[in-house]
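Put chain L on the given structure of chain C with help from the hints.
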Amino acid sequence: MAISTATKAATDALAANRAPVSVNAQEVHRWLQSFTWDFEKNRTKYPTKYKMANDTKEQFKLIAKEYARMESVKDERQFGSLQDVLARVDAAKRVHPKWNETMKVVSNFLEVGEYNAIAATGMLWDSATAPEQKNGYLAQTLDEIRHTNQCGYVNYYFSKNGQDPAGHNDARRTRTIGPLWKGMKRVFSDGFISGDAVECSINLQLVGEACFTNPLIVAVTEWAAANGDEITPTVFLSIETDELRHMANGYQTVVSIANDEAASKYLNTDLNNAFWTQQKYFTPVLGMAFEYGSHFKVEPWVKTWNRWVYEDWGGIWIGRLGKYGVQSPASLRDAKKDAYWAHHDLFLIAYALWPTGFFRLTLPTAEEAEWFEFNYPGWHEHYGKIYEEWRARGCEDPNSGFIPLMWFIENNHPIYIDRVSQVPFCPSLCKGASTLRVHELNGKKHSFSDDWGERMWLTEPERYECQNIFEQYEGRELSDVIAELHGVRSDGKTLIAQPHTDKDGKLWTLDDIKKLNCVFADPLKSL
Amino acid sequence: MSKSSNAYGAGIMAKTGKEFSDEYFAEENQVFHESNEVVLVLKKSDEINVIVDEYLLGDHVDDNQTLVVEDRAGYWWLKATGKIEVDCAEVAEILGKSFSVYDFLVDVSSTIGRAYTLGDTFTITSELMGLDTKLKDLQS
Chain C
3 MAISTATKAA
13 TDALAANRAP
23 VSVNAQEVHR
33 WLQSFTWDFE
43 KNRTKYPTKY
53 KMANDTKEQF
63 KLIAKEYARM
73 ESVKDERQFG
83 SLQDVLARVD
93 AAKRVHPKWN
103 ETMKVVSNFL
113 EVGEYNAIAA
123 TGMLWDSATA
133 PEQKNGYLAQ
143 TLDEIRHTNQ
153 CGYVNYYFSK
163 NGQDPAGHND
173 ARRTRTIGPL
183 WKGMKRVFSD
193 GFISGDAVEC
203 SINLQLVGEA
213 CFTNPLIVAV
223 TEWAAANGDE
233 ITPTVFLSIE
243 TDELRHMANG
253 YQTVVSIAND
263 EAASKYLNTD
273 LNNAFWTQQK
283 YFTPVLGMAF
293 EYGSHFKVEP
303 WVKTWNRWVY
313 EDWGGIWIGR
323 LGKYGVQSPA
333 SLRDAKKDAY
343 WAHHDLFLIA
353 YALWPTGFFR
363 LTLPTAEEAE
373 WFEFNYPGWH
383 EHYGKIYEEW
393 RARGCEDPNS
403 GFIPLMWFIE
413 NNHPIYIDRV
423 SQVPFCPSLC
433 KGASTLRVHE
443 LNGKKHSFSD
453 DWGERMWLTE
463 PERYECQNIF
473 EQYEGRELSD
483 VIAELHGVRS
493 DGKTLIAQPH
503 TDKDGKLWTL
513 DDIKKLNCVF
523 ADPLKSL
Chain L
7 MSKSSNAYGA
17 GIMAKTGKEF
27 SDEYFAEENQ
37 VFHESNEVVL
47 VLKKSDEINV
57 IVDEYLLGDH
67 VDDNQTLVVE
77 DRAGYWWLKA
87 TGKIEVDCAE
97 VAEILGKSFS
107 VYDFLVDVSS
117 TIGRAYTLGD
127 TFTITSELMG
137 LDTKLKDLQS
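As given, the protein sequences belong to chains C and L, one line each in that order.
With our numbering applied, the first sequence has no gaps in its numbers, which climb one by one up to 529 at the end.
With our numbering applied, the second sequence has no gaps in its numbers, which climb one by one up to 146 at the end.
Any given hint might turn out to be false.
Derived EDC-like pairs (lysine to aspartate or glutamate); straight-line CA-CA distance at most 20 Å [claimed, not checked]:
(1) L:K21 x C:E301
(2) L:K89 x L:D68
(3) L:K24 x C:E375
(4) C:K95 x C:E232
(5) L:K50 x C:E375
(6) C:K100 x C:E479
(7) L:K103 x C:E78
(8) C:K433 x L:E76
(9) C:K305 x L:E76
(10) C:K299 x L:E76
(11) C:K339 x L:E33
(12) C:K505 x C:D166
(13) C:K67 x L:D109
Everything labelled a hint here was simulated from the structure, so no lab data went into it.
Chain C with its partners taken away, still in its complex shape (with noise of 0.2 Å):
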């Protein structure tokens, strides 16, 4: 066939001068450096009251060709092993019952954060006047929309291919019923995307991505494995993949503003109420997941939040900032209470409430209680004692009429939620540290768990509104709105939530709750 005039010439001057057959990314990125972009000037929707510096660096030099050719190695390698040998040798199904009701929760709590990081990334890029800064933020907002899909692949593939799919399937219309949906929210949306673009990264990749998504899609992949479970550390290892350049973007973050004066007045404070924003809901939580949601325990989750967050991020993050003038949380004291005793505390209120789950709870076994009396010394006579009362009166039995909610209501232990942080806590009962405080606004009372949140609530307290459960159902009936929000399973009276896992046991319906006559009350209006 003729080649045209233009072609032939195309063709005539390549054979005379090669072009190179390939060029290194990093050349490229160099290249890409003499463009000398200038957004110095550029304004933004998203102001931050910090200046960040406009020759911050990205430390991984990222070209757009690398970074698809990485992700999609990645895809393929994760998409493979998932679609092909785990759905051949029927990995879902080996995984433990318990497990596989705690992955109802994390992978799809997981989600949202990255749904909402999405969102942050993308007003930080708009943000940042460096071109590398604004670099690695760009890839950051394109990883957290593939962590999105992966994180609701997760609830998929085990929905499809596992056991007790209920929970799996339809997590995002039922996870807004319990007490765990909004303290999630308020870290993982409102902590990421609300105030402060400089501050929103603290939250994010600074504490949040650094320092929590270690235990949160690292730790948990042992936890896992050791529950039987090979689908969740083929994802999340996948996931974490790329959550290192979003520490070093978060690290990037301060950097760009070691040199500004704001740097000295505000970022205490705001890493401060950045950690404890953070380690308040997902110290307790995470604990209880791990430990209070697996049969085969890896090993006490105080040491595994030692290990990642007080030794290594404290210690090789944060504490190496030392000479820039970052100091230790003022809060970690309680933090670290919290995460010796708090998801203890929380276990205990959220299998009172087990009927607002989308999953299904189990109580400690003896040899299970044995592991817990060991690692924390104290735990049988605080918290054993209770589950062994609670199991003497039947709980996880319809027929016995008592879900333990009744325990809290007949022995005077009245369960708040923590206005900022959204989490519940029992002030008779907890050993976290938890206290009840309480103020009032306008005529609305609001309670408090902490000296930390209630200070954050008191210089902001437009930003904390969100009603609680107590007030958003206050006077129903506990199962007209489990039915109401879509907590059963496909028979239109089973609930979705069970009070154990055993195959053999009998599951509670709307009609067994219902015979209970529970109606949210709001404990505030008592005070």
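Chain L in isolation, oriented as in the chain C frame:
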């Protein structure tokens, strides 16, 4: 189990029960202590397993004798004092195929410390890159 202070179960982690809680709640442990260590989490894969066995614990085992590598189910957990470096050009020789730093990043799951790439080299260091030490661009 390794006796190195960098081991996964070193120090307070080796303690249990009251002995653990006494140290955990001790007054001196209510603030962060600056650490010169770095942590690297490598997702297990065909290439990463070779890098761990034949590069880090093989030809380069003497590069940093504080390096500890532990098997944590789906990933390798590495901790060292100072820095950990991987020259991907050398890894390519071992693997017998093209292998860039971007190929390496496919399976790097987490970093605690300042990680960066320059040419064919991946580095994670306790240095404060961008603050104490300038991040370099590739030289022509």
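Against the structure, the hints:
1. L:K21 x C:E301: holds, 12 Å
2. L:K89 x L:D68: holds, 13 Å
3. L:K24 x C:E375: holds, 11 Å
4. C:K95 x C:E232: OK: K95 (chain C) and E232 (chain C) at ~11 Å, within 20 Å.
5. L:K50 x C:E375: It is violated: about 34 Å lies between the C-alpha atoms, which goes past 20 Å.
6. C:K100 x C:E479: With a Cα-Cα distance of about 29 Å, the restraint between K100 (chain C) and E479 (chain C) is violated, given a limit of 20 Å.
7. L:K103 x C:E78: holds, 19 Å
8. C:K433 x L:E76: Distance ~34 Å between K433 (chain C) and E76 (chain L) Cα, so the pair is violated.
9. C:K305 x L:E76: holds, 17 Å
10. C:K299 x L:E76: holds, 18 Å
11. C:K339 x L:E33: holds, 12 Å
12. C:K505 x C:D166: holds, 10 Å
13. C:K67 x L:D109: holds, 13 Å
Hint compliance for this structure: hints 5, 6, 8 are not met, and every other hint is.
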